[in-house]
Structure formats: structure tokens, C-alpha cells
Amino acid sequence: MKCTRRNFLKLAGAGVLTLTLGQLGINIDEAMAYAGKLKIEGAKEVVTICPFCSVCCQVIAYVRDGKLVSTEGDPDHPVNEGALCAKGAALFTMYTSDHRLTKPLYRAPHSDKWEEKDWDWTLNQIARRVKDARDKDMILKNEAGQTVNRLESIFMMGTSHASNEECAVIHQAMRSLGVVHMDHQARV
Amino acid sequence: MTNHWIDIKNADAVLIMGSNAAEHHPVGFKWVMRAKDNGAVIMHVDPKFSRTSARCDFHVPLRSGTDIAFLGGMINYILENKCYFKEYVLNYTNASFVVGKKYGFDNGLFSGYDAAARSYNQSAWAFETDERGAPVRDFTLSHERCVFNLMKKHYSRYTLENVSATTGVSRENLLKVYKAFCATGKPDKAGTILYALGWTQHTVGVQNIRASALIQLLLGNIGVAGGGINALRGEPNVQGSTDHALLYHTLPGYIALPLAQWQTLAEFNKANTPVTALKNSANWWGNRPKYFASLLKGWFGDAATPENDFCYGLLPKGEKGEDYSYMYVMDKMLHDKMKGGFVFGVNPMNSFPNTNKMRAALDHLDWLVCAELHHSETSDNWRRPGVDPKTKKTEVFLLPSAHRVEKEGTISNSGRWLQWFDKAVEPGGQARNFADIFVPLINKLREMYAAEGGALPEALLKQNWPARYDAEEWARRINGFFWADTKVGDKTYKRGQLVPAFGNLKDDGSTSSLNWLYCGSFTEEEGNKSKKRDLSQTPMQAAIGLYPNWSWCWPVNRRILYNRASVDINGKPYNPAKAVIQWDGSKWVGDVPDGPWAPQADQEKGKLAFIMTTNGYAQLYGPGLKDGPFPEHYEPAEPPVERHPFSGQLRSPVYKFHSSELDKFARAADPDYPIVLTTYSMTEHWCGGGETRNVPNLLEAEPQLYIEMSRELAREKGIKNGDGVIVESPRGRVEAIAMVTIRLRPFTVMGKTVHLVGMPFAYGWTTPNCGDSTNRLTVTAYDPNTTIPEAKACCVNIRKADKLTEIL
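Chains as they are written, first to last, in our numbering: chain W, 1 to 188; chain V, 1001 to 1808.
Don't take each hint at face value.
[Unchecked claim] Simulated pairs of lysine to aspartate or glutamate, EDC-like, Cα-Cα distance not exceeding 16 angstroms:
id: 1; chain 1: W; residue 1: 113; chain 2: V; residue 2: 1406
id: 2; chain 1: W; residue 1: 67; chain 2: V; residue 2: 1161
id: 3; chain 1: W; residue 1: 44; chain 2: V; residue 2: 1406
id: 4; chain 1: V; residue 1: 1393; chain 2: V; residue 2: 1336
id: 5; chain 1: W; residue 1: 131; chain 2: V; residue 2: 1728
id: 6; chain 1: V; residue 1: 1531; chain 2: V; residue 2: 1452
id: 7; chain 1: W; residue 1: 131; chain 2: V; residue 2: 1458
id: 8; chain 1: V; residue 1: 1800; chain 2: V; residue 2: 1700
id: 9; chain 1: V; residue 1: 1752; chain 2: V; residue 2: 1380
id: 10; chain 1: V; residue 1: 1572; chain 2: V; residue 2: 1602
id: 11; chain 1: W; residue 1: 103; chain 2: V; residue 2: 1057
id: 12; chain 1: V; residue 1: 1036; chain 2: V; residue 2: 1057
id: 13; chain 1: V; residue 1: 1332; chain 2: W; residue 2: 137
id: 14; chain 1: W; residue 1: 136; chain 2: V; residue 2: 1161
id: 15; chain 1: V; residue 1: 1337; chain 2: W; residue 2: 76
id: 16; chain 1: V; residue 1: 1531; chain 2: V; residue 2: 1458
id: 17; chain 1: W; residue 1: 131; chain 2: V; residue 2: 1322
id: 18; chain 1: V; residue 1: 1532; chain 2: W; residue 2: 137
id: 19; chain 1: W; residue 1: 113; chain 2: V; residue 2: 1380
id: 20; chain 1: V; residue 1: 1337; chain 2: V; residue 2: 1366
id: 21; chain 1: V; residue 1: 1532; chain 2: V; residue 2: 1426
id: 22; chain 1: W; residue 1: 67; chain 2: V; residue 2: 1426
[Said to hold, decoys possible] Here are some of the chain V residues that sit facing chain W, going by a computed Cβ distance under 8 angstroms:
id: 23; residue: 1162
id: 24; residue: 1342
id: 25; residue: 1373
id: 26; residue: 1686
id: 27; residue: 1741
id: 28; residue: 1742
id: 29; residue: 1785
id: 30; residue: 1789
In case anyone wonders, no lab produced these hints; they're calculated from the structure.
Backbone N, C-alpha and C define an ideal beta-carbon position, used for all residues, glycine too.
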């Protein structure tokens, strides 16, 4: 096994526990059994990246039974070397926050409340509005008679939170509609 | 960044300006501290003493909006004291180019100014050319119109006296920074400049950065380890989202938005493909037609053929000079020219300037689609404080979006490292990633157009569009495929196989790539390179912490841009102890060089160092910008003074602004608004705070909106630490809690006292009682090149509040 810093720390950590407590003659079976239930034991390690500034610190997400159980900075990463800032350290609570949106919501014109809707209804409604606007407002020729194929009445804002692959999808989608009003955080 | 995070440790001097790096990039800042451990001098020039200043050798307070005056003073210091690296300047910059006779500069205005249009005719700034069209050069630097002498003349006005009077920085402090940083003008020394939004968010934002480029080129600090101009990018993937162009004015890979005047692909290519008369200039953008054809092939697939211009005709075409950026979107919205739109992962109703205007403008939409983790000031604008939802017509679709740990893909860090992240868990509730929203939406539209017809259906129906989204499939699309069997060297690639590098992209339809810069990131030979986790390096690479086998970096895994300028014209490193590349007689070793060619001295096979400029030289004189070939000091759109000593032109003659009834500005030295406001963020909150305010532990750490002010100002206004304060500008009124501190000091500017206050902008009304958008105060005035708003300098007044309603 290649001895990375993380592996080394794990081995050293395990070693310390066995040596110190074991040598003192204390029966640690119960404590070990308890510790075994804690946090990352038996969890799958998944490499992810902190979603905030563009230092892009790598993070190890620990997943057990399909649930996120812990996050920590990746000690092998040559830039962050295991470190995370206050926001990065709060990733776990961000993910588990019960304040998060979980379903598509709809606010009707002049309404004072949100209504829960399913994805299919929501995307159909959006598609209809996009098509209606596009069919009505598409500018095929400008005043000079040049072909411009431009849709000015719909815009796209965002986002630098998207992955490169998501950005590629969004850009292609917008140009296929004829959208020119497209922008994101790079310009703020 | 021209360089990358780890490389900062190689610097002998670190100048941090327009950035509070320790606060906003706390983990990246360790590499600044590593440089300090190695003996480097660390300097922070910023209006406020902050966590960054506390770690530096010295902090120099500067009035917000006067960076060019400060940097112009440094340029003058370099030229007067001959601190420049002469060999570098001669061989690698356009110092020797002779500028045409039409160039002129008088009392703050460059030649070619059209006052009615508030714009310059840039042709007045062109270089003198010979009969072949090659620039006329004078390597003796004696011609009065050579760039070097024009620059010297231009910055001769930037004396210590004028700079000090404008910036509020003492002469001693100016000299302290100038001396320490200019000591890196030696071949074996390197200085780096770190900046962030403190430089870009000004009406002279681009020229702030240009000024730093002049300094770095004069000192020979570009291309070397520990050097460069390093934008500490804020947003998580703002590097990648810029490369992939979620922007109106470009297509992915820095290809211009097609304009109406270019009706055919040939016309587009003619206008967008630079030509050089210098045979040893690589003129890399001469390859642009290959990249554009490959992009079109990626978008339209088999429907794109040479005969139909690869479907170029279907793309939307803009109008020349028309600004489609988001400040203009908002203004058009206010004037009922927008029907609907998408706001994904951004919160303009909190983070856009003059937010009261923005919030009013959003009410004019028929429909709005937001994708977010939480309700935001944007998604819930219709129920904001003080409005009756019944009067607001906008239909809103609010879509739950997936968190980073719930999706996979790549992002590009500030140093251009392309890093893969795996999906750890399924999205919470019914949340989706952004692509799983747009892929099915476009498919629904394609079905509707196929069934019903409508306007220009072929623009949608001819797309090479998948049934379902798969991140790795799109990583492959971005890299690009061969569309015909192709021989590269001894190897034959089949149709459908991955293109190994952008050097293999063609303009004949035989290749595709959704972004040429990323071509080579995912190959048949090595797979998905963004997943590489190999720490191995050669000793030469290890000496500067290059880590070429960890992830991958654009372009072609080159970790330090412009690295051909780190060696002399024979390929010998200027600093052998921290060599980036080296010519061993037949090939380059170290980093991936800026092109494979022999060193510049080789008259036959060699190429000039700066391969991305048309003529191969870095541009001390830059004739392509909207506001002049040399950076010049102008006051912000809302100046706290009536004049400055550099010219009679108070503000930039070409900055952009809006003038609706909601766009109001203070007068110069307005007695009603005498205090300069600058805005910023903090470690615990992320930008507009839409995500972090909803994390209890982070909100507890930074619970409410505050305003930092000097003890002197507080005394003048009768405000005590912890008091409620009303902050007002011509555009809005904001409540904040007073933080009276020695971190801010009054400035002496043109003989009078100017106070400056600072406020974070992370708070909004959807989080109860913590305060509301600071940007209700900031201005709708923008840089003429980028339309980035001037969020870092506007004018306000403050008073003690009798009672607070926004903060409880």
C-alpha cells in the first residue's frame, strides 16, 4: 500500500489507541464497540470539493447506508493539505439543513403563497412559457435585414456554482433558444 | 491566476491589493504564509486593516478607488529609478514598438475621444507599421513615440506628491511598498500580485489590472515561479463558468459572440482571426477557426457540415456595441422589455448594486424560474417587506437544486486545475442538479417544436442533444471527439474516439470540442485526467511545487502561463533555483512550455515568448481596451473630491451607467454624502449569504449587518460601538450596527479629511432580523470594458438610528 499522509495518520491513530489503553491493561472491547458505531467507521470515502471559493479545497465525504455521516478536508490534496475554513467545516450541516428546498414550488400571479408541484408539471409549464415567448419574440432579421435569430425577451443568470459540464449544458441550451441575455457572477 | 495557489510560496515579495485573502481564501492564504516563512516580504494595500493585514509585514491604507494612482506611482518609481529588468522588457514586451502619430494624451483624455458617444475611436492608438504590416520597432528605445518613452512620459505625472494627495497614503508608506516590491526586478527574484473584486468592482476595474500588468512586465515577473498576476477567484467555479462562457459576449473558449455584421462563418473568421507579419510570432489565436468549427460540430453534430457553415447561421447574432449583460437585463426589465428568465444559483436581489431598483425591476417580469438550495431574496421578491403580494404579477417557479456532495463533475480552481468530484449521496428530497433541469426542459421543447412547429425550430431540432444527462459524457463532449477516422502520427483514431489535444482540432468538421481549452483533459490513452491523484514530480518540478500529475490544468496541463518568459532567449532559466522550464538543447523540461518550439533566439524554429498576442510580445501598451492604451487615474462615479492632480478629467470619460428614475448619483464632493463606502464579504458567509445565513452555526458566528467606522468618524457623528446606524446614499437606506474600530482611519485627500466606512453584503430580509441588502446603497455605474458594477466605492452618509426595524 502506498503510504499517503492520510493512511499514515489512520495507522498511527489506530496504533496509539491500542498501545496506550491496551498496555494499561484496560479492557477496551466495549469502548471499541462504541467507537465502532461512531462517525466514519465502515463508511465509504468519496472525494468531493468544497462548494465555496475557488481554492476548491478537496473534501472527503463519508457515506454509510447512502447517508452522509461526515465531511473533512482531504489531507492528500497538495493545495489544502486537509485544511478547511469555517464554511468548509460547515459542509455537513449545510447538507443536512432542514431549511433546504425539497420540492418544486409554484407561486401564481398575485398569489401570496407557494404551492408544491411535481417536476413534470413544472417543466411542462416552463417549457410552454419559453415556447410562447420564443415564438412571439424571436427576431429572425434585424432592421438592416441581416439574419440574427435572436430572442431578447428571455434571459439567463447564473451560475458559477455549476460544474463545467452543467455550464456546457446551460450555454448550449440558451444559444439553441436564441438567448443573448446571459450572464453570471463573473460580472459582479 | 497566471500561476497557481502553491506557487505563491515561491515569491520573494507578495503584494496583496484589492483582496482580503486571509478572510476570503483562508486556506489558499497558507501559501502566502509559506512565502513569508521562506523570507518573502508580504504587503497589504487596502482601505481597511483586516485579517490579511494582520499577517503581513505591513499594511498600507489606501482610499478606495485610487489604485491606479498608487500603481501609476510605482510605474513611475520603476522607470525613474531604473528598477526594470531591461533584457526582459526588450525581448518580451512591446516597449520597443513605435506608436502611430495619431496617438495623443491631453488633460486626461486620449486621442480619438467622441464626447457625444462617450467612447474612443481606438484606431487613433494604433502602432506604426511597415510596408509588410509589421510593427515598427526601435530596440534602442530612443524613438520618442516608442511605447517605453510614451509610458515614461505618461507616468511622469505620478509623482509621490500627486499620488499621496490622491490616495491618502503617506510618502513613507508609498516608498515602503515601492522599494520592497521593485526589488524583484532582478532576474533571480520574483514578486506576485494577488487581487480580487477589490480591483474589478470599479469603473476603472480592467485598468486596475492592466496597471499591475505593466508593473509585472517591467519587473520581469510574468511567467516565472512566484510571479504573475493572480486573480484570487471568488466563486467556486467562476474560472470554469467563464471558460464555458455563461456570459453574453463570448462562446465557450473565448470565442466572440457572433454579431449581425458577420453573416457567414467566413466573415466571422475573417474578423476574429488575427494575422501577424512577424514570422516568429506564434499568434496562437490564428487557430481560432479550428476551435470554432469544432465547437459548432459539438453543438450540431452530424447536422453541421462544411457546406452549411456548420450551422453557424442558426446561432443568435448580437448587434455591435449592444450590451446584453445583467445590469442591462435589469434595466430592460424595468422598462418592460423582458418577459421571463432563469436565475440559477445567484441572488441578484441581494448582490446586485442599487438593489431597490433591481427589486422593482423584477416585479415587471411575467414569469421567473429560480433554482436554489433555499428561498432567496430573488425567489421571494414578490413578498418582500413593504409590498403587497396581490399587486405583484410575476409567476415564479422555484426549483430545488442539488448540493455539491449530491452531484458529480468537474470544477476549475483559481489556478485552472480541473478537478473531478464524485457524487457522495442522492440529492435531498426531489432536488436536481442544474443539468437535470435543462436537459429535460430542452427535450420537452424539442418535442413541442417537432409536433407544433414555431419560430426557427431547426435551431433546437438540429442540436446534438442527449436524452438524459450524464456528467462524464459531457466531460467527453467538452474534450471533443473525432467525427471521421483520423491519423495522428502513427495512430489512427476512429470516429467517436476522443481527441488527444487541441493541436489536433480541425476546421473541416472532422473534430468536435465544446471548449478547445479543455481538449486533452479526457483522452483514450489516459482517461479522465481530472481524477488524477498522483503527487509525483521531478526534482525540478518539486523545487517549485508544480504537481503536474495531480488533476489536470488548462491549457495542456501548463501550470504557469507565459512560462517562455521565465527563461532568456536561449532557454536558460533566469532563476535556476526556481526554474519553470529549461531548454536542454533539443526539448523543454519542467512545466509544459508555452508551445513546443525552440527558444526565441533560434531564428528558424524559435518563437516569441507571448504566444497569445498577435505579434508575440506582452503589451505594456494595449490599444484594444475601451478606456485607453495606458491606465490613467480617474475618480469613482461618486467622487468624494471635486478634483485630482492628474488631469482635469475627474471621472473616466467612458464609464457606463444607467439613468432611469431609480438610478441616482451623488455629486462630486457632495456635502449630503461625504463618506466613502466600500463593501466586502467575510469568511463565515458566502457572498450574498443565501446559503450560509441558513446554516445556524455560521449565522451564529456572524449574526448581523454591521458598519465599520473609525473612532474619529464615530466621535464626529455621536455614534458608539454597538449603536444602531442608518446609512444612506441617493439610492437607498440601510440599517446596520456600528463597529467602531481602529482598523479604519480617516484619509487626508487633497488637503481635506475623507472618511471611509465598510460594510459586508451578506445579509438579506429572508433571514429574519439580521439586516437587509447593503447593495441598496451601491451604484449602477460600470467598467466600460466589462460592465462590472462599482460596488467598492460610492458615497453615503451615516447617522445614529433612533430605532431599528431591519435588525432586532
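Right, here's what the structure says about each hint:
no.: 1; hint: W:113 x V:1406; result: 29 angstroms, violated
no.: 2; hint: W:67 x V:1161; result: 63 angstroms, violated
no.: 3; hint: W:44 x V:1406; result: 15 angstroms, holds
no.: 4; hint: V:1393 x V:1336; result: 13 angstroms, holds
no.: 5; hint: W:131 x V:1728; result: 43 angstroms, violated
no.: 6; hint: V:1531 x V:1452; result: 44 angstroms, violated
no.: 7; hint: W:131 x V:1458; result: 14 angstroms, holds
no.: 8; hint: V:1800 x V:1700; result: 25 angstroms, violated
no.: 9; hint: V:1752 x V:1380; result: 45 angstroms, violated
no.: 10; hint: V:1572 x V:1602; result: 13 angstroms, holds
no.: 11; hint: W:103 x V:1057; result: 51 angstroms, violated
no.: 12; hint: V:1036 x V:1057; result: 9 angstroms, holds
no.: 13; hint: V:1332 x W:137; result: 15 angstroms, holds
no.: 14; hint: W:136 x V:1161; result: 61 angstroms, violated
no.: 15; hint: V:1337 x W:76; result: 52 angstroms, violated
no.: 16; hint: V:1531 x V:1458; result: 37 angstroms, violated
no.: 17; hint: W:131 x V:1322; result: 25 angstroms, violated
no.: 18; hint: V:1532 x W:137; result: 47 angstroms, violated
no.: 19; hint: W:113 x V:1380; result: 10 angstroms, holds
no.: 20; hint: V:1337 x V:1366; result: 11 angstroms, holds
no.: 21; hint: V:1532 x V:1426; result: 24 angstroms, violated
no.: 22; hint: W:67 x V:1426; result: 9 angstroms, holds
no.: 23; hint: 1162; result: 32 angstroms, violated
no.: 24; hint: 1342; result: 5 angstroms, holds
no.: 25; hint: 1373; result: 6 angstroms, holds
no.: 26; hint: 1686; result: 5 angstroms, holds
no.: 27; hint: 1741; result: 21 angstroms, violated
no.: 28; hint: 1742; result: 24 angstroms, violated
no.: 29; hint: 1785; result: 11 angstroms, violated
no.: 30; hint: 1789; result: 7 angstroms, holds
Against the hints set out earlier in the document, violations occur for numbers 1, 2, 5, 6, 8, 9, 11, 14, 15, 16, 17, 18, 21, 23, 27, 28, 29.
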